[in-house]
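Protein chains: 2
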Amino acid sequence: MTHLAIIGGSDAGISAALRARELDPATDVTVVVADEYPNFSICGIPYYFTGEVQPWQSLAHRTSADLEATGMALRLNTLATSIDVAGQRLTVRGPDGTEERIGYDELIVGTGALPSHAGITGLDHLTAADGVHVIHSMGDTFALDTDLAERRPSSAVIVGAGYVGLEMAEAFTARGIAVTQLQRGPEVLSTLDPELGTLVHDELVQHGVTVRVNTTVTRIEKTPAGLTVTGVHQGQPFTQTTELVLVVVGVRPNTTLLETAGATLGAGRAVAVDEYMRTGLPHVWAAGDGIITHHRLLDRTYLPLGTTSHKQGRIAGENAIGGNRAFQGSVGTQVVKVFDLVAARTGLRQHEAETAGYDAATAAAVADDHKRYYPGAHPIQFRITGDTRDGRLLGAQLVGKRGTEIAKRVDTYATALHAGMTIDQLSDLDLSYTPPLGSPWDAVQVATQAWDAATRLATIPS
Amino acid sequence: MTHLAIIGGSDAGISAALRARELDPATDVTVVVADEYPNFSICGIPYYFTGEVQPWQSLAHRTSADLEATGMALRLNTLATSIDVAGQRLTVRGPDGTEERIGYDELIVGTGALPSHAGITGLDHLTAADGVHVIHSMGDTFALDTDLAERRPSSAVIVGAGYVGLEMAEAFTARGIAVTQLQRGPEVLSTLDPELGTLVHDELVQHGVTVRVNTTVTRIEKTPAGLTVTGVHQGQPFTQTTELVLVVVGVRPNTTLLETAGATLGAGRAVAVDEYMRTGLPHVWAAGDGIITHHRLLDRTYLPLGTTSHKQGRIAGENAIGGNRAFQGSVGTQVVKVFDLVAARTGLRQHEAETAGYDAATAAAVADDHKRYYPGAHPIQFRITGDTRDGRLLGAQLVGKRGTEIAKRVDTYATALHAGMTIDQLSDLDLSYTPPLGSPWDAVQVATQAWDAATRLATIPS
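Residue numbers (the working numbering), protein chains in the order written: chain A, 1 to 462; chain B, 1001 to 1462.
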């Protein structure tokens, strides 16, 4: 019987535990969970704050009872403090503060990531008790919830306009809080080209959010008037006083435990693993937001995503009990709903592709989600990136109204990217069609044909 | 300058003409169109009858003026009556009845299909004037429209419960007509497994449609009481009198012109072509519902679909002017909306896969379209077929409520089928996730993982 210890009760750790138990029910699995909320859907937290998800318990993918019913043991409120690699045991501190050793045959570490502070002065000491929040755990969620309930703020500044920042702008707006969203770069949702980010920007503004791009926050202070956010906006000093600040400027890998144990760091200072999720330390595997990601178009990078954590965790769980499955790589597929708009991307954008050495070209296209004659058709805005040398598809970005099946349309591109298809080959795909839901050439093919036409025109003298 | 003649103004013919003009604007293109409605979306006709699409002119993908603006010449109300292959010319009969010869360098034939009569007595002489309708052209559409307007029937029998039959059941219901839908097989929508067809059946019944499966219609007669439909229902004689009959029992390839010219017939008695759309007759190409279809899992079959016609037409247009593009094959992707339900399939079902020589296994699964905690989640019913020898994905069927992105979810399977992926490899795909629109393992992956678990359990002794 294999004794499998897993550190981390989020996507990677639980996926690993479930997979090991599924494949070999004789495996003894112990999951060490730092808080008492294993297997919570952290991605769902913004919808708790919109009020759409109630109670908070429903955010659990599975309850502790569900998990234990699969045969895994959960050690809640237990912090792993060190790994003795040679001795194959780890030290944990339990809820009552006492230390304990747990021996293992195999260990999987899924300690995830921590909120980044982006060098903002004040974040070292200001906390939820001061009205300055991050949103990365259920503990953060409860702290924000309590603050909202007790102080009933009428204004908030959100620092950052990535996925979580945008979702939280929607959540605060739904609660009647006036939101100012600050973004360092030239446009919100910097994971998309600004030509598409601007559509998201417009959606925010239409719903009453004040958006300030090109704004770098340098300091947050508690002042008599509230919380004062200071920075630089388009080269000029910027200051805004508000009742609540939410900082969502990304994450950094939480690597302390593995680094101390001797693991190597790689891209983004995340723990280096091979595609089998091996750390290089004997019997120690890792998965999730704390490790590097194999990317099919970029080799190795740091790209923390819940979907990837699930995959890597599942693979680590399989391999730790004797399997031999390789992680086949991310293509960076992401989607976000912002009010009534959905924005998605997969693969690389122009500058990313250029940096990676591709001869990239990007073309824009607009195509209706379904036949225009049928009621409710809406345009989808596309940007397609491909390699002009071999025509290989490198990436796709798309934005459209909710209901235009953006989330699953990006999956066609993601699947094509995974298979290494050329942009031209997208026209060979036998995609579904019925007038209320598509077109004889689906919008995703109209977009790739537009890339083809644009690059042909650009390369063949007329 | 190439003189390209095209027979047929529907999907295949117009796609060919557009592609030839796009790639070489010097090409002289003449399209011979039997009626005066080139490039109409025949798939959209049911939505004209629901009242959702008005006026009928909006069913045109492009107007005649749009088409002529691309530089093609349209010969409307002109019937091609014969092809002189050796002389490279065709004979046409124009709107005034006079015959004319049109010379060509290359000829593309896209004469499509004709409604099948399925051996029903009476269909040889009963027509729209008698209240007996088919729905395959704009002419049929106008005849039915006139009949509905003039007689205002309160009841209708629809013979057939395939895509068009189901859509027309919805259309008649929307107009307050009591519909009885007769289906020869054991369940409606026989392109899906009956386990899923029954969901569509329930949807019809819930919307007031009377459905009679296992009912073979043998005769339609005009009687003093109306139109009497006679047949056999579960081994017993069956008769029903109604005011209007719509027969939608499939199509047969319209091959007379090419057959007379010497072309070979293949699967389904459709014109045989190679993957370049060559008929084997010099300078004669063919595309669309009149020809065989190369299928990636079945080699050659007859599977008339609008999406395929568009692809084949585009390829014929490209190759006729000197291109060298091969049709990469259909995987039989289809989707239909029936009231508030969407049903889709791609690839093969169990019995089709067995017949084709695969070691097929099929597993059912249910998965929510998005995280259940977020409002509006609905289950999607899946059936996945794969080969137990090599794990290759062979087919997928899925049914769910409208709004669950069924149409674009089937496209992920269609793309995976095109790429020849195994069912296990679906778990490697980096599909998009946000709680309002998906799950960390998308429903399409939950379904393939269920197939994997089911076949593993079935093959490994416990």
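Please keep in mind that the hints were generated in silico from the structure rather than gathered at the bench.
Among the hints, erroneous ones may be present.
[To be verified] Computed spacing ranges between beta-carbons, pair by pair:
no., chain 1, residue 1, chain 2, residue 2, range
1, A, D145, B, A1069, 58 to 66 Å
2, B, P1379, A, T63, 55 to 63 Å
3, B, V1366, A, G71, 39 to 47 Å
[To be verified] A few chain A residues that face chain B, going by a derived Cβ cut-off under 8 Å, partial list only:
no., residue
4, S41
5, D299
6, L303
7, G306
8, Q334
9, F339
10, D340
11, A344
12, Y373
13, A377
14, V410
15, L429
16, P436
[Said to hold, decoys possible] Anything over 10 Å on all C-beta distances counts as not near chain B; from chain A, calculated:
no., residue
17, H61
18, L265
19, P435
Glycine is no exception: its CB is placed at the ideal position from the N, C-alpha and C atoms.
So, going through the hints one by one against the coordinates:
Under the hint 58 to 66 Å, the C-beta atoms of D145(A) and A1069(B), about 60 Å apart, fit the expected range. At roughly 20 Å, the beta-carbon separation of P1379(B) and T63(A) lies outside the given 55 to 63 Å, and the hint is violated. V1366(B) and G71(A) have their C-beta atoms about 24 Å apart, which leaves the hinted 39 to 47 Å range violated. The restraint placing S41(A) at the interface with chain B holds, with a minimum CB-CB distance near 6 Å, inside the 8 Å limit.
Taking 8 Å as the C-beta contact cut-off toward chain B, the hint placing D299(A) at the interface is violated, the least distance being around 15 Å. Among the interface hints, the one on L303(A) is violated; its C-beta lies about 10 Å from the nearest C-beta in chain B, farther than the 8 Å criterion. Interface restraint check: G306(A) against chain B, minimum CB-CB distance 5 Å, threshold 8 Å, status holds. Contact between Q334(A) and chain B, as hinted, is supported at the beta carbon level, the nearest pair being about 6 Å apart and thus within 8 Å.
Checking F339(A) against chain B: minimum C-beta separation of about 11 Å lies over 8 Å; hint violated. Taken as an interface hint, D340(A) does not check out: its beta carbon lies about 11 Å from the nearest beta carbon of chain B, beyond 8 Å. Taken as an interface hint, A344(A) checks out: its beta carbon lies about 6 Å from the nearest beta carbon of chain B, inside 8 Å. Using the Cβ-Cβ criterion of 8 Å, the hint placing Y373(A) at the interface with chain B is satisfied: the shortest such distance is roughly 4 Å.
At a threshold of 8 Å, the smallest CB-CB gap from A377(A) to chain B is about 11 Å, leaving the interface hint violated. Hint on V410(A) holds. Least Cβ distance to chain B is approximately 5 Å, under the 8 Å limit. Interface hint status for L429(A): upheld, as the beta-carbon distance to the closest one in chain B is roughly 6 Å, under 8 Å. With a cut of 8 Å, the hint placing P436(A) at the interface with chain B holds, because the nearest CB-to-CB distance is about 5 Å.
Listed as a non-interface residue, H61(A) fails to keep its Cβ farther than 10 Å from every Cβ of chain B; the least gap is roughly 8 Å. Taking the minimum C-beta to C-beta distance to chain B, about 24 Å, the non-interface status of L265(A) holds against the 10 Å cut. Chain B draws P435(A) into its interface by the beta-carbon criterion, the shortest separation being 5 Å against a cut-off of 10 Å.
Violated hints, listed in ascending order, are 2, 3, 5, 6, 9, 10, 13, 17 and 19; each of the other numbered hints is respected by the structure.
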